[in-house]
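Peer 1: Spelled out, the chains give:
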Amino acid sequence: MAINATQKVTLKLVVAAIGMFLFAVFLMPPLYDVFCEITGIGGKTKGQYEGTEAAVDAQREVKIQFVATNNGAMPWDFSPMEYQVRVHPGEKTSVEFYARNPTSRDMVAQAIPNITPDNAAEFFHKTECFCFNQQPLKAGEETKMGLVFIVDPELPASVTTITLSYTLFDVTEATAAEVATIN
Amino acid sequence: MAHGPAKGIGRWLFATNHKDIGTMYLWFSFAMFILGGSFAMIIRAELFAPGMQLVKPEFFNQMTTMHGLVMVFGAIMPAFVGLANWMIPLQIGAPDMALPRMNNLSFWILPFGFSLLASTLFMEGGAPNFGWTFYAPLSTTYAPDTVNFFIFGIHIIGASSIMGAINIIATVLNLRAPGMTMMKLPLFVWTWLITAFLLVAVMPVLAGAVTMMLMDINFGTSFFDAAGGGDPVLFQHIFWFFGHPEVYIIILPAFGVVSAIIPTFSRKPLFGYSSMVYATSAIAFLSFIVWAHHMFTTGMPIAGELYFMYATMLIAVPTGVKVFNWITTMFKGSLSFETPMLFAIAFVILFTFGGFTGLMLAVAPADIQYHDSYFVVGHFHYVMVAGAVFSMTAAVYYWLPKWSGKMYDETMGKVQFWIAFIGFNIAFIPQHFLGLAGMPRRYADYALQFTDWNMVSSIGAFMYGAAQLMFLYNVIRTIVAGKPTSVEKTWEGAEGLEWTLPTPAPFHTFSTPPEVK
Numbered sequence: 003m004a005i006n007a008t009q010k011v012t013l014k015l016v017v018a019a020i021g022m023f024l025f026a027v028f029l030m031p032p033l034y035d036v037f038c039e040i041t042g043i044g045g046k047t048k049g050q051y052e053g054t055e056a057a058v059d060a061q062r063e064v065k066i067q068f069v070a071t072n073n074g075a076m077p078w079d080f081s082p083m084e085y086q087v088r089v090h091p092g093e094k095t096s097v098e099f100y101a102r103n104p105t106s107r108d109m110v111a112q113a114i115p116n117i118t119p120d121n122a123a124e125f126f127h128k129t130e131c132f133c134f135n136q137q138p139l140k141a142g143e144e145t146k147m148g149l150v151f152i153v154d155p156e157l158p159a160s161v162t163t164i165t166l167s168y169t170l171f172d173v174t175e176a177t178a179a180e181v182a183t184i185n
Numbered sequence: 044m045a046h047g048p049a050k051g052i053g054r055w056l057f058a059t060n061h062k063d064i065g066t067m068y069l070w071f072s073f074a075m076f077i078l079g080g081s082f083a084m085i086i087r088a089e090l091f092a093p094g095m096q097l098v099k100p101e102f103f104n105q106m107t108t109m110h111g112l113v114m115v116f117g118a119i120m121p122a123f124v125g126l127a128n129w130m131i132p133l134q135i136g137a138p139d140m141a142l143p144r145m146n147n148l149s150f151w152i153l154p155f156g157f158s159l160l161a162s163t164l165f166m167e168g169g170a171p172n173f174g175w176t177f178y179a180p181l182s183t184t185y186a187p188d189t190v191n192f193f194i195f196g197i198h199i200i201g202a203s204s205i206m207g208a209i210n211i212i213a214t215v216l217n218l219r220a221p222g223m224t225m226m227k228l229p230l231f232v233w234t235w236l237i238t239a240f241l242l243v244a245v246m247p248v249l250a251g252a253v254t255m256m257l258m259d260i261n262f263g264t265s266f267f268d269a270a271g272g273g274d275p276v277l278f279q280h281i282f283w284f285f286g287h288p289e290v291y292i293i294i295l296p297a298f299g300v301v302s303a304i305i306p307t308f309s310r311k312p313l314f315g316y317s318s319m320v321y322a323t324s325a326i327a328f329l330s331f332i333v334w335a336h337h338m339f340t341t342g343m344p345i346a347g348e349l350y351f352m353y354a355t356m357l358i359a360v361p362t363g364v365k366v367f368n369w370i371t372t373m374f375k376g377s378l379s380f381e382t383p384m385l386f387a388i389a390f391v392i393l394f395t396f397g398g399f400t401g402l403m404l405a406v407a408p409a410d411i412q413y414h415d416s417y418f419v420v421g422h423f424h425y426v427m428v429a430g431a432v433f434s435m436t437a438a439v440y441y442w443l444p445k446w447s448g449k450m451y452d453e454t455m456g457k458v459q460f461w462i463a464f465i466g467f468n469i470a471f472i473p474q475h476f477l478g479l480a481g482m483p484r485r486y487a488d489y490a491l492q493f494t495d496w497n498m499v500s501s502i503g504a505f506m507y508g509a510a511q512l513m514f515l516y517n518v519i520r521t522i523v524a525g526k527p528t529s530v531e532k533t534w535e536g537a538e539g540l541e542w543t544l545p546t547p548a549p550f551h552t553f554s555t556p557p558e559v560k
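Heads up: the protein sequence lines correspond to chains A and B, in order.
Using the numbering used here, count along the first sequence one by one with no gaps and you end on 185.
Using the numbering used here, count along the second sequence one by one with no gaps and you end on 560.
One chain only, chain B, in its complex shape:
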């Protein structure tokens, strides 16, 4: 029974162990994070000053597109799937994921998907340049020929996500330890379960959208081509029918992580567990009926604008419940501020800020002004970066000792946090000002009056980029030369099955299911 992992490369190529696959997912997503981050650095370097400095406008367009695609599909989503692979079996007392071979497949097709996507950078015509939202007809009639590589890349990445999601649902529904009822599941498991249902529902819609593009481009159909009786606005509806649930796919697991970390360092159980579960479900449901708030400027009828405006604002209610619960968990808690907690608190503050700017954007008449401006860029980086990436960073610091059996350097962790936190805000607060002043997004150049805040924003972005290299250094240093630890409960206030296991977590865990009281 007790045997270790296979030797050599075969351990990884033929991996069926959830920890190995989780590790591969996490490293892959980190590699993509660095790649997408380097695209962002090129963007910010070019925007440091008005006029064209470093790159050609065509290449700049490829950078904004590839930055978005790589970060959303390559960095954030696989990172959370990796985290789910590692933590869900440990948190529900399962020996592994329910479908280990499919797990292997869903990871190993990812590098191929992203190779297809990234290879376009070196092709004639260049990488996709139509924005990560790839609106038709820009992505069909006017796209570079390499768009077909992009389409197949998205197909592969989507298939991977769907398989990952099916695996997670099957695991959570069938492999819970005896006594682990649904309402005893750790919140990270709950949020991932709901996320997985969202993925199964909308990733096929994305696949459908790119398939229709493929047909339009190569096989003479006219789904999105007015020339043949199609409608480009239809593309936007289909895209955002996928796209809005997608943003909750990205953020819900982050909610789960924060809901694990804040109670640990507050030394109090999570406030309002069941309301958290219901709020998450409510957010997931609402995400399906608000998509057209991304399209207020397409000339919707007033009734449509009103409906999508009010429905969107409604999302603030369950989200407010969650923020309230996190704050109330901290209230009168015995707080300590280790690195994971710092990132989690920063998450709560900055995500809430991003939520408020989201509310501003939900107001249809105001959105006419904000639409496609840098205000939008500022808004979604507050929820994507300070939301998803901060919580992911928190998760890595929080569980790394359990994974590796080594303790990270607390001082280094805190230094990284402060550089990231300050750099992030310097980078993205000014973008709100720029947007309100009228600077549009996705342009390689800007009018002179936007110069100062763009410089500030670029400096902040470089700081934030440096913080990520420091993060990489911290993680590698911990694994290679960190102080060994064998304490089961790395954090005295931590609760949950994963903390009953030895540290580092052995290759096989819960071969006999634990009793949950």
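Looking at chain A on its own, in the form it has when it is part of the complex:
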């Protein structure tokens, strides 16, 4: 009797422990991603924006700053052509980033965007972005990569400056498609 009861409790607890392990490994990361997507925290921008220019709010001017960083040992030269632009909300603006592969091998890169402040992320719409696709460059090749964006007129009044940062990752060896989905 006592032995059976003990075995029963033990079994339940072992199952609970294994369940918590699986919860941590398989459920927490996707739940976290979903949570960030819904709330827009983490500064992750949405995918391609389908839309046209809305009424331009000419009264208001927002400063957009660009930051370009290489991840880890990524050897490319990578920088914005303009470090800062002033735009009116609702206005379609296009800028370019410069990239050069100085190495002697063909490489593929992926840029990952991030917006600061967090609460501006959902109001920063990209209609075209080099970050939607991977960027291959042959050895020694250089290119200009385009970005077209619209700042939503709904942008909270407290936001006067938006910083858009791109980190360039070397994905030459990584399996392709997956990485592109996270923008």
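Possibly wrong hints are sitting among the right ones.
Okay, the calculated beta carbon distance ranges per label pair [claimed, not checked]: (1) B/A92 x A/T41: 41 to 49 Å; (2) A/T105 x B/P344: 35 to 43 Å; (3) B/V406 x A/P119: 21 to 29 Å; (4) A/G74 x B/M95: 23 to 31 Å; (5) B/A480 x A/A60: 46 to 54 Å; (6) B/G168 x A/A159: 50 to 58 Å.
Footprint (simulated), chain B over chain A, 3 or more residues, beta carbon under 8 Å [to be verified]: (7) 15-22; (8) 27-38.
In short, the hints are calculated from the structure, not lab data.
From the three backbone atoms N, C-alpha and C, an ideal C-beta is built for every residue, glycine too.
On the provided structure of chain A, position chain B as indicated by the hints.
Peer 2: Same frame as chain A, now just chain B:
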């Protein structure tokens, strides 16, 4: 039926007796306590003066990391598991733990786990150097290669904790003596039962976190690596989802010990027994929903900060209930101040102090300033050391006569208490000042204006370290040459089944269950 323990080393290697395993746990944790303490002495010696004196900064980082890991997982947790092994069967009238062979396993894998962890000190690349919270990517992308030893060490230690917890739950639920209803359980048993549930819930999460690290480092996944679409902040969420319940895993058994000792030396029953049980449960529940208060500086949305701030402050309510009950137990009691009682009272005072600084840290806007400063170090040493370690010391003095049949030297005990108490406060009060003045934690060096208080803190730390050597001496002396005692009730005011047994407690106890009225 009545046979003694096996002879020789086999008694320990194949031990299934809860007292033997408890003893091994206690000695093992003491060894780890000395090891982790020696790391702390190196830290405080280096910080005695600004500039680099004794060790290289890289080694200093390994010391802060290993000090935290060894103290949390090697000293405090196994110490309380050892205490649970000894006392829970005695307090509920059970002949042994419910799963004695698993008990043996859960103890004997511990030395292997810590050998893995400590062996990294002698390897190329050195021991883990990323802080005991091992935040990614510092612990993944930028970690020394020895991080894999750390990961497997944590796996083993976690498995040991989970097995210990399962054993305790099975014992408390199934092996209580007839008449020992749940609401008659001594509070130490109650707090351990709740702690064990916390362990089963969160140790696997820790195992999950280090497993994901392992995958990121060796198998090309990107859980915590932004390069592959992961998120380093996710690591912090998972870690603190384990980490916050973990601090209650450490402190709840301490609550239980103090709830046993204070009534004994107040010669009054514990005030508000059932409110203690409910408060403990409430603390355990709240511990699951406040984890992100460790992460106020990660750029959480304001709504998140507010929620975690208020939820954290809410913990002060059940904790306040407990402190109120301890004080009310002493109120108008016939107090006497033997060594265990001194440690227990010091626990109440210093733990409450640590709780208040915790409240300060809970205030999100203020925390932006306190975050990762020495103020935090001061805070958690008040709750970890003056909380867990003081209560553990109290427990050893309180039950050592029952375990060994020898009485410790009261004068020596009191001398140790005062050196520990004064040394502790000299060591850790200044750290609050340093933190408020802007000294960050985990650095091998500091700006000149922090020199004076760092010197004071180091002197206090050396005092406190000396007090622990004296503790070791007191315990060994008691066992070897203490005055024999065979009084069943070592303390006249003590209540509970363990005090109905002969002293020293025989190898087998409660082979026939006692009647509890």
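Peer 1: All hints, please: hold or fail.
Peer 2: Taking the hints in turn, this is what the structure says about them:
Checked against the hint of 41 to 49 Å, the C-beta distance between B/A92 and A/T41 comes to roughly 48 Å, which is consistent with it. With their beta carbons about 41 Å apart, A/T105 and B/P344 fall inside the hinted range of 35 to 43 Å. A hinted range of 21 to 29 Å for the beta carbons of B/V406 and A/P119 is consistent with their spacing of about 22 Å. Checked against the given bound of 23 to 31 Å, the beta carbons of A/G74 and B/M95, roughly 29 Å apart, stay inside it.
For B/A480 and A/A60, the hinted distance range of 46 to 54 Å is satisfied, since their beta carbons lie about 50 Å from each other. Separated by about 52 Å at the C-beta atoms, B/G168 and A/A159 satisfy the suggested range of 50 to 58 Å. Counting residues of the segment 15-22 of chain A whose CB lies closer than 8 Å to any CB of chain B gives 7, so the stated coverage by that chain holds, three being the minimum. Coverage of the segment 27-38 of chain A by chain B holds. Counting CB-CB distances below 8 Å, 6 residues qualify, and the rule asks for three or more.
The earlier numbered hints are all upheld by this structure, with none contradicted.
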